[in-house]
Each structure stands twice: as C-alpha cells, then as structure tokens.
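There are 2 protein chains.
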Amino acid sequence: MLAQNASAWAAAIGAAEREALKGHRGANPLVGAVILAPGGEVVASGFHRGAGHPHAEVEAISALGPTWRERAGELTLVVTLEPCRLTGRTGPCVRAVLEAGLGAVVYAAADPTPNGGGGAELARAGVSVRGGVDPASAGRLNPRWSRAKAAGRPFVTAHLAQSLDAKVADAAGRGRWISGPEAREHSHAVRARVGTIVVGTGTVLADDPALTVRLGEEPERAVPVVIAGASELPATLGLARRAAAGADVVRVRDHDPHVVLAACGSNHVLLEGGPTLLAAFIEADLVDELFLYQAPLFLGPGVDSTAALSPRPVGAPWRWAHDPAGDEPDRLGRDLLLHLSPAA
Amino acid sequence: MLAQNASAWAAAIGAAEREALKGHRGANPLVGAVILAPGGEVVASGFHRGAGHPHAEVEAISALGPTWRERAGELTLVVTLEPCRLTGRTGPCVRAVLEAGLGAVVYAAADPTPNGGGGAELARAGVSVRGGVDPASAGRLNPRWSRAKAAGRPFVTAHLAQSLDAKVADAAGRGRWISGPEAREHSHAVRARVGTIVVGTGTVLADDPALTVRLGEEPERAVPVVIAGASELPATLGLARRAAAGADVVRVRDHDPHVVLAACGSNHVLLEGGPTLLAAFIEADLVDELFLYQAPLFLGPGVDSTAALSPRPVGAPWRWAHDPAGDEPDRLGRDLLLHLSPAA
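Just so you know, the sequences run in chain order A and B.
Going by my numbering, the first sequence opens with residue 2, and the numbers climb by one from there.
Going by my numbering, the second sequence opens with residue 2, and the numbers climb by one from there.
The shape of chain A in the complex, shown without the other chains:
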C-alpha cells in the first residue's frame, strides 16, 4: 500500500489530474485515476471520456495487467474525485473497487453531490481510505462544474451558430442555415448530453424549432424544454403543440436566468438561444461553456448573436478562453467549432 505521506500523494494526484485532462471538457467533470504499486510506481491509469463512458476508476481497473490483478490487495487507487456509490449508466465505482479487491483508495476531493459518500462506503467494507487530501483539485480540473454544484444550479452549456460578422440571422430574420450539416450534427450531439433545453420566445417565433435530438440511426428523441420570455406563442407552433400535449415543455414568462434555471428540472441545461437570452446568461455569468459554430461568411446588417449585451470597455471585456485542454478549435465541414469558457 502507498506510504501515506503528503508528497507522495501530491505526485500521484498530479498524475491522476494529467489523466483527467485527457477527457472531454464540459458538463461531465474531468476525473482521472492512477493505480500505484506498493513502491509507488503507476501500474494502470484511466480517465472519464464523458457521458455514457465508464468512470476513471473503472477505466484504470480495466487497464490492470493480470499479475497486478492477483496482487490487488497491495495496490492503491488514487483518483481526483471521490468514487461514486450510485448505480448510474456505468455502475458504481465503489462496487468496481471492491470487486477488484484493491487495498487502498486515496481521493483528492469529496463529491458534494448525491453521488458522494463512496469513501465512507469503501471504508466500511474494509478498504483503507484517505479522502479529501486535496480538495482544491476539483476546482483546478473543473472550475465551472464545481461552481455550478456549489451554487446548487445546473451546469449551463450554450451553443451558437454565427457568421464572421457575428450574425445569427440575416436582415429578414432568417437564420437557417448559417452553419453547415456537420455543425448541425454536432449541435444534436450536444443536445443529447443535456437534461433540459432552454429557448427564448423570439427564437421559437422566428424558427419554430423542434429541439429534438436526431443522431445517426437513433430514433428522434424529445428533450424537455423550458421556453423563456413573455411573447405569446401561436398554438400551431411545434413546441406550443408539445406544451399542450404533455408536461415536457414548460413556459417561464421571464428572461431572468436565475428564474429560468430554477424551472429546469435537470443538472445540465442547454441554452439554444436567442440573442436576448444568451446575453442575459452571459451577463449573469451563467454560461459555463459555449460551443460556437463559426461559419465562414458575412451577412452584413442582420441579427447580432448577442444583441442585448451591455457595453464593456476594451480593457475590461467579457473575457472568455478557448478550452485549454478539451476540444481544440476544429473544422466541422466548412465551419469552425470553438469551445469556450468564461475566463477565471
């Protein structure tokens, strides 16, 4: 088992954090894990690849060679976040640790969500556990995720397709299609990751969007929607029909982001637009990540992508940053995908 001294843990947690940074940034927190031999050397590692993929602990355990599996009781799992104890899509990490027979678990930060408590569960089962040895790790790896959790609000993803002159629609209000099919496919993959979609009444009136998820061969799927804004919506619109038919479309007659988020019954919200709502969320510092589809075209006068944003001086703008470790700016067909987060 790992000699229990702080500098050895710090080095191992550093290694686990480097693993974590290989993962997909965004609503799913980055988590990394390493498994240490009694002498302290890393014998396996893993990271969380995103929603629907195994957790870092499971990945690391899967990577163990047969010799070390036999000697699992001598090994220490070092992970950036407390192992989960609930059975989600991927099974609880607590069970994976116990089934593998690992002797010890060290984790940097406790899990503040209902998934927390895995450390205590492992200790009760006889595993040697040292938890919360570096609580700041969560903030380093997942600052926006940590902040959202601490505030008791959903993580907010926004996406936006705009021209080079930052228009989401032309002078006649038409925005379909500024971006190409590859960008639209990516936007469906983003929708597939969230629990709730938020859209403003202006966008509903202008585009009559379905806001469903259409991915490859999978059947089209509806995602719960919150419509924000005061405008009346004709009953003929698709979302108005969905609202009348069932409970998965909710109206909030307000643009206040806090009010809107309170109406979202999930921990991950996608802001579809339009410009008024996006500006309100940016000003409230309530956009955690932004996928910006930049189409290589100019439209001239039209609808600005963040029309309602209040002015900032050039020395103190609304500062954002390209995701330093996650999705690189990438071509999506003719368009460019930018993955941005508010700068710290």
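Some hints could be false.
Far from chain B, some chain A residues (derived; all Cβ distances over 12 Å) [stated by the list, open to error]:
1. GLU18
2. ARG215
3. ARG243
4. ARG252
5. GLU284
6. LEU293
7. GLY301
8. ASP336
9. ALA344
Just a sample of chain A residues kept apart from chain B, beta carbon distances all over 10 Å, derived [said to hold, decoys possible]:
10. THR68
11. GLY117
12. PRO312
Output of the computed footprint for chain A on chain B, the stretches with three or more beta carbons under 8 Å from beta carbons of chain A [unchecked claim]:
13. 107 to 113
14. 293 to 307
Think of the hints as simulated: they come from the structure by calculation, not from any bench.
Note that beta-carbon positions come from the ideal geometry of N, C-alpha and C, so glycine has one too.
Start from chain A and add chain B according to the hints.
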C-alpha cells in the same frame, strides 16, 4: 528522360501539386516540383515555402542525391509553374536547372508575369522543354493569385482583430488591444510580406497607427502607406508627419477599392482597416485572403468589424472558406487565427 505521354505528365503534375500544397498560402503563389528518374519514379521534390525562400525547383534540385546528380541529364523536372528567369532574392530557376544539368523540364502553367519566358530560355540552352501542359493547374493551386495577376492588380491581404461579437473597438471607439501580443506579432509578420499598406482615414484618426514592421531583433522598418478616405488628418499624427517628410505615404481621398489599389505601387497590398474600407473591398471582391484574429471576448455595443457591408440573405451570403491546405485555424496565445479566402 520522361516518356512524353499525357497520362505520365498528369500523374507527375499531381505529385508536384501535392508538394505545392505544403507551402504557405497567400500572396506568394504555391508552387511544387518533382524530379523524375527515366523510369518515372520521383527521386526528389520541393515546394516554395514563401517570400524569401528558394523556389520549388531549387528546393527539388537541392534534394537530389549524389548518384542522381551525376546522372542529371537523364532526369526530368516537373513543376507546376514555368521556371522563372529573373534574378530575384533567390536567383533564377533557369540558371539552377542549367547548372544542375537536368535533361528535361515539364511545366503545367506558363508564368503570365514579367518572370515568364523561362521555358523558352531553357529550350534555347538545349534543355528538352514541354510547357503549358496543364494551364488549369495555376487556377487550382492559386485561384486568387491567378485572378489578381490576370486583372493586372495587386494581390490583397487583409487582417482584422475582432471580438466574438465581431467588434473591432468598444463603444468609446477604443480598439487597443482586442488581440493579444502573439496575434500582434503575427500581424507584423504579415506586414513584412507586403509592398504597400492601405489604411482608412477613420482608423488613422482613431488609432494614430505607426504601421511599421517590428519583428524580433530586426530594426523597425517603414512600409509604404496609402491612406484612403476624405477626412482631414491633423499634422500631429504619425502618418501625417511621414507624409509631410517624404514620399512613402500617399493620400487617396476616395474609398473606391479600384482607385485605392491603382495608387499602390506594389503587387502585394495589405488592408489594415478600418470597417468602411474592409467592407468596400469585400463587396468589390478585392480581398484575396483575410487573416482574422478572433479574440475570446465579448464587447457588447461597439464598432462592427465590417460595419458598412450591405445586407445579404442567409441563402446567398458573402461566402468565404477556411484555407483548405494552408494555415490551419491556430491558437495565437489566447486568440485564434483564421486564414480565410473568398469562396469560389
């Protein structure tokens, strides 16, 4: 020597074009060359890396191994553009071919500029020459360059630093500094490649720019400037002082791009801005490439980067394209560099 049949040439020109595409896109045309053994296999290749670098022919000849140098008379140089005959910064390619003793030269497209005529010169010197076997190659590789040459006008590069909401300045008109130091350094490297800088009177009044080239340890260098626009400029401004002191700053009291370009005494012009001039050049289809420095920030209401552009419907916008083979979208410090050209 290469068996003189069309399909062998087509394959060799394809290989030379693939070489060419490794080069730096922009004002310097992409040119590539391969050298073929008597059996048709490629024994050396080269491409033009940009201004100040050796031409593709010279690169390919330099890459020849000693055995093939001895047998140069049996080799065929296949190049996408007619070898040049003038002594520029890099020496004429005609001389390099003759000094190497190559037996044959095949080129895809004749050079329509004063550098042309190299093919005839080689033939007079006893080289077996087949020229113009694929004139369309120039258009495939360098469509904008070919078009500018054909129109007898300079190649026009524009650069632009803007926010995510496409502002070049805040509501108070301040644009310094939207982009970071790495982007500004790149913009100096772009200035270093051109013969003339064009700037509007609005930008001169707002920023009092020096428009010099400052690159690393090199001494600061002035580039000839054309100031376009009707506004009077106070004699205290830097460019007004340069205009009074010498002949390298010219005033054109007009925004018409054709009038402005006619006043530029070089074959490569850099459009520095501002928005009025940029929009006029875009509308006239007289921007051949655009370096866009995209800073990850929002400014809210301010100065639009292409404010004077006339409206286009979303189905028929001013279409551009990310350079398909040249500079990839790339991080420059915190900013992103986009290299764009008008779509065909």
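Check the non-interface label on LEU293 of chain A: least C-beta distance to chain B beyond 12 Å or not. LEU293 of chain A is in fact no farther than 12 Å from some Cβ atom of chain B, at 7 Å.
Quick one: work out the minimum CB distance from ARG215 of chain A to chain B and report holds if it exceeds 12 Å, violated otherwise. Check passes; 21 Å lies beyond 12 Å.
GLU18 of chain A: least C-beta distance to chain B exceeds 12 Å? holds, 22 Å
Please verify the coverage claim for the region 293 to 307 of chain B: does it have three or more residues whose C-beta sits within 8 Å of some C-beta in chain A? holds (count 12)
Assertion that ARG243 of chain A lies outside the chain B interface [Cβ separation over 12 Å]: holds, 26 Å
Could you check that no beta carbon of chain B comes within 10 Å of the beta carbon of GLY117 of chain A? holds, 34 Å
Non-interface claim for GLY301 of chain A: all C-beta distances to chain B beyond 12 Å? violated, 4 Å
Are all C-beta atoms of chain B more than 12 Å from that of GLU284 of chain A? violated, 9 Å
Assertion that ARG252 of chain A lies farther than 12 Å from chain B (Cβ): Check passes; 28 Å lies beyond 12 Å.
Report holds if the minimum CB distance from PRO312 of chain A to chain B is greater than 10 Å, and violated otherwise. The assertion about PRO312 of chain A is violated, with a minimum of 4 Å to chain B.
Per the stated criterion, does the least C-beta distance between ALA344 of chain A and chain B lie above 12 Å, as a non-interface residue requires? With a cut-off of 12 Å, ALA344 of chain A comes too close to chain B, as the shortest Cβ separation is near 8 Å.
Exclusion check [ASP336 of chain A not at the chain B interface, CB over 12 Å]: Answer for ASP336 of chain A: violated, closest chain B Cβ roughly 8 Å.
Checked against the numbered hints above, the structure breaks hints 5, 6, 7, 8, 9, 12, 13 and satisfies the rest.
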